[in-house]
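Student: Residues per chain are reported as follows:
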Amino acid sequence: DAGVTQSPTHLIKTRGQQVTLRCSPKSGHDTVSWYQQALGQGPQFIFQYYEEEERQRGNFPDRFSGHQFPNYSSELNVNALLLGDSALYLCASSLGLSGGYTGELFFGEGSRLTVL
Amino acid sequence: RKEVEQDPGPFNVPEGATVAFNCTYSNSASQSFFWYRQDCRKEPKLLMSVYSSGNEDGRFTAQLNRASQYISLLIRDSKLSDSATYLCVVNMMTGGFKTIFGAGTRLFVKA
Numbered sequence: 001d002a003g004v005t006q007s008p009t010h011l012i013k014t015r016g017q018q019v020t021l022r023c024s025p026k027s028g029h030d031t032v033s034w035y036q037q038a039l040g041q042g043p044q045f046i047f048q049y050y051e052e053e054e055r056q057r058g059n060f061p062d063r064f065s066g067h068q069f070p071n072y073s074s075e076l077n078v079n080a081l082l083l084g085d086s087a088l089y090l091c092a093s094s095l096g097l098s099g100g101y102t103g104e105l106f107f108g109e110g111s112r113l114t115v116l
Numbered sequence: 001r002k003e004v005e006q007d008p009g010p011f012n013v014p015e016g017a018t019v020a021f022n023c024t025y026s027n028s029a030s031q032s033f034f035w036y037r038q039d040c041r042k043e044p045k046l047l048m049s050v051y052s053s054g055n056e057d058g059r060f061t062a063q064l065n066r067a068s069q070y071i072s073l074l075i076r077d078s079k080l081s082d083s084a085t086y087l088c089v090v091n092m093m094t095g096g097f098k099t100i101f102g103a104g105t106r107l108f109v110k111a
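In order, the protein sequences belong to chains A and B.
Counting from 1, position 46 in the first sequence corresponds to residue 46 in the working numbering; the numbering is continuous, with no gaps.
Counting from 1, position 99 in the second sequence corresponds to residue 99 in the working numbering; the numbering is continuous, with no gaps.
FYI, nobody ran anything at the bench for these hints, they're computed from the structure.
No residue lacks a Cβ here, since even glycine has one placed at the ideal position from N, Cα and C.
PhoX-like cross-link-like pairs, simulated, lysine-lysine; straight-line CA separation at most 20 angstroms: (1) Lys79(B) with Lys45(B); (2) Lys26(A) with Lys42(B); (3) Lys26(A) with Lys45(B); (4) Lys110(B) with Lys79(B).
Away from chain A, derived, C-beta distances all over 12 angstroms, residues of chain B: (5) Gln63; (6) Leu74; (7) Val109.
Here are a few chain A residues that face chain B, going by a calculated C-beta distance under 7 angstroms: (8) Gln56; (9) Phe107; (10) Glu109; (11) Gly110.
The following block holds chain A by itself, in its conformation from the complex (with noise of 0.2 angstroms):
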């Protein structure tokens, strides 16, 4: 049974560009929520997608956006990289909205992102 899954695991870029980073969410599971966690902090929410729709978000720009395909999986995209986004970069996937929900979020092991 494969678990969440993400890509890239490690990438650099500079101030200005753009990223855009891939999940695809444990067998089973239709939801998925981004979280960025800088070192020594914990997990930020960013948002979350049920349905291939944002049902919530954190307190993020709009430079961050997302997408989430009918197969379930989903992508984070930073425009306009600053130097604070620099962060690990978690996906969390679960039995959300339709129904089975427990709480318990399944992580990948994240995209750690560098911007110089």
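Starting from the structure of chain A, add chain B where the hints point.
Tutor: What follows is chain B alone, placed relative to chain A:
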């Protein structure tokens, strides 16, 4: 005020010690509560759910006080392998669900 607040620690304890972590949350509409564990440079993983009646899983005991909006985690007989960051997590159902993490409490268990 942060939605979920934890003492960042670090807590440095010897093997066999009992250690307790506390967490407070600000949104009274919060519906479910969890403790996650995160090892260094790894992803968070669910440790246990937290119920109003309290729940125990081996050496770990979690408690919830809804009136005080307070969550706790007690670890008895600490092991070296318990060294990690413990994340307090609160889930709110507002149309969809939003899961909010605290900043985490670092625990170091020493031989």
